[in-house]
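Chains as they are written, first to last, in our numbering: chain X, 1 to 222; chain R, 1 to 222.
Rather than coming from a laboratory, the hints here were simulated on the basis of the structure.
Remember, predicted model here, so these are calculated numbers, not experimental data.
Be aware that a few hints might be false.
Repeated chains share a single entry, so a pair holds when one copy, or any two copies, can fit it.
The calculated lysine-lysine pairs, modelled on DSS-like cross-linking and capped at a C-alpha distance of 27 Å, are [what the hints assert, rightly or not]: (1) K81 with K148; (2) K87 with K161; (3) K161 with K81; (4) K148 with K161; (5) K89 with K161; (6) K148 with K89; (7) K148 with K87.
2 protein chains.
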Amino acid sequence: MTLRGRKKGETVPQGVVGRLPVYFRYLTELELAGVERVSSAQLGEALDFTAAQIRSDLSYFGSFGQQGYGYNVAELLDQVKQILGIKQKYAMVLVGAGNLGKAIGSYEWFRAEGFEIEAIFDVDPHLIGNRHGGCIIRSVDELTSYLKEHPADIGIIATPKAAGQSVCDLLVEGGVDSIWNFSPTHLTVPDHVLVEDMHLTDSLLRLVFRLNERRAGDGETD
Amino acid sequence: MTLRGRKKGETVPQGVVGRLPVYFRYLTELELAGVERVSSAQLGEALDFTAAQIRSDLSYFGSFGQQGYGYNVAELLDQVKQILGIKQKYAMVLVGAGNLGKAIGSYEWFRAEGFEIEAIFDVDPHLIGNRHGGCIIRSVDELTSYLKEHPADIGIIATPKAAGQSVCDLLVEGGVDSIWNFSPTHLTVPDHVLVEDMHLTDSLLRLVFRLNERRAGDGETD
Chain X
1 MTLRGRKKGE TVPQGVVGRL PVYFRYLTEL ELAGVERVSS AQLGEALDFT AAQIRSDLSY
61 FGSFGQQGYG YNVAELLDQV KQILGIKQKY AMVLVGAGNL GKAIGSYEWF RAEGFEIEAI
121 FDVDPHLIGN RHGGCIIRSV DELTSYLKEH PADIGIIATP KAAGQSVCDL LVEGGVDSIW
181 NFSPTHLTVP DHVLVEDMHL TDSLLRLVFR LNERRAGDGE TD
Chain R
1 MTLRGRKKGE TVPQGVVGRL PVYFRYLTEL ELAGVERVSS AQLGEALDFT AAQIRSDLSY
61 FGSFGQQGYG YNVAELLDQV KQILGIKQKY AMVLVGAGNL GKAIGSYEWF RAEGFEIEAI
121 FDVDPHLIGN RHGGCIIRSV DELTSYLKEH PADIGIIATP KAAGQSVCDL LVEGGVDSIW
181 NFSPTHLTVP DHVLVEDMHL TDSLLRLVFR LNERRAGDGE TD
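Could you build all of it, start to finish, from the sequences and the hints given here?
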């Protein structure tokens with residue numbers, strides 16, 4: 001992977017990393033709509049960032065707009081994809097084939113961008129053997145042997161809370177060192193393993209907190 | 001809502017807001033496990049925050065541990081719930097009853113904490129009339145008239161991307177001013193409306209970015 005404009009080994013601040021997918025998503029929409037150029041001011045307005053922040057983020061990766069022209073959408077999108085590393089293939093395994101697992105497994109965007117769910121596992125005998133999104137649902141008992149034959153880049157955990165840690169342990173033992181965690185539990189992993197949590201409750205609680213803050217603000221007389 | 005230790009109208013930094021649900025989740029686990037006390041050092045180690053950051057976050061809300069004792073788990077959890085505003089009831093409507101909508105609709109945690117999905121809407125005639133999680137799935141054509149009779153605090157959008165904005169517009173017209181958005185699109189809303197995005201792709205892309213950053217780091221010889 002080339003990280004243009006970055007010093008080798010330099011760590012990108014979490015704030016910038018967090019904004020990159022937002023750029024990716026919006027630039028994809030612009031490209032689909034046939035928009036060729038975009039200014040930092042336009043990007044800022046659409047994404048609720050300041051134009052200065054956008055220029056700062058993009059220059060971090062060595063991308064510079066031209067005065068009076070702005071950024072070329074296709075080039076910028078290509079560069080953001082490169083930086084995010086989504087111009088390669090990733091093998092994923094999914095554990096948990098309930099409603100949430102099924103929703104993840106049928107997310108069409110994945111395949112379009114090179115993310116392939118290669119196998120799905122569950123403990124429920126009623127689900128094992130069924131097909132979902134082109135995969136047969138296998139018993140979680142087969143996970144360890146499967147991973148020996150088919151190394152995976154990313155393990156997705158979509159189990160109930162109680163099973164999250166034990167499934168995570170199986171994935172890590174099977175050599176999976178990037179975990180995308182949807183189970184509402186805090187996973188304990190060795191230092192070399194990355195965990196990205198997708199906690200529904202965290203997101204809802206942030207919304208509710210802001211809702212209450214706004215209501216408290218509305219109620220003030222001064 | 002009481003925000004103990006906070007100045008009226010003072011805005012809490014987004015970083016602190018983002019960490020509150022993490023405290024909530026972990027303190028809930030401790031309480032369920034029967035743990036009575038916790039130090040800022042223990043909290044820090046479990047959550048990968050520094051002890052200084054934890055003391056700073058909690059003192060922001062007027063919560064002070066005692067030297068050599070730490071924090072009382074039950075009291076701290078109670079306070080975090082109070083701050084987050086989850087000691088009240090919230091009426092929610094859900095639009096989109098596909099796999100993702102069903103996963104959201106059957107999330108047991110909601111009801112336990114006072115979040116009630118009161119109605120579910122979809123456009124699919126095969127789904128309309130079915131029951132899910134105690135609700136009948138209604139036609140989205142009924143959304144406007146439903147909201148007139150039953151005001152909702154929070155609208156959940158779990159539709160495909162193409163329907164996201166139009167469903168959002170219907171919710172906002174129906175008086176819903178807090179949107180929890182799972183559709184992979186950037187919603188445009190009036191200033192008074194809050195949007196909390198739950199974008200699967202953003203989360204996956206953050207993971208992949210870190211995965212590549214680590215691989216690039218592993219490949220370095222110096």
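How the hints compare with the structure:
Taking CA atoms no more than 27 Å apart as the test, K81 paired with K148 passes in neither setting, with 30 Å inside one copy and 44 Å between copies. With identical chains, the CA atoms of K87 and K161 are at most 27 Å apart between copies only, with a shortest distance of 23 Å across copies and 33 Å within one. Taking the shortest alpha-carbon separations for K161 and K81, only the inter-copy value of 20 Å comes in at or below 27 Å, while the best intra-copy value is 33 Å. Proximity of K148 and K161 under a CA criterion of 27 Å is satisfied intra-copy only: 26 Å inside one chain copy versus 37 Å between copies.
Taking the shortest alpha-carbon separations for K89 and K161, only the inter-copy value of 24 Å comes in at or below 27 Å, while the best intra-copy value is 29 Å. Proximity of K148 to K89 under the C-alpha cut-off of 27 Å is restricted to the intra-copy arrangement: shortest distance 19 Å within a copy versus 48 Å between copies. Only within a single protomer do K148 and K87 lie at most 27 Å apart by alpha-carbon distance; the minimum there is 26 Å, versus 47 Å between protomers.
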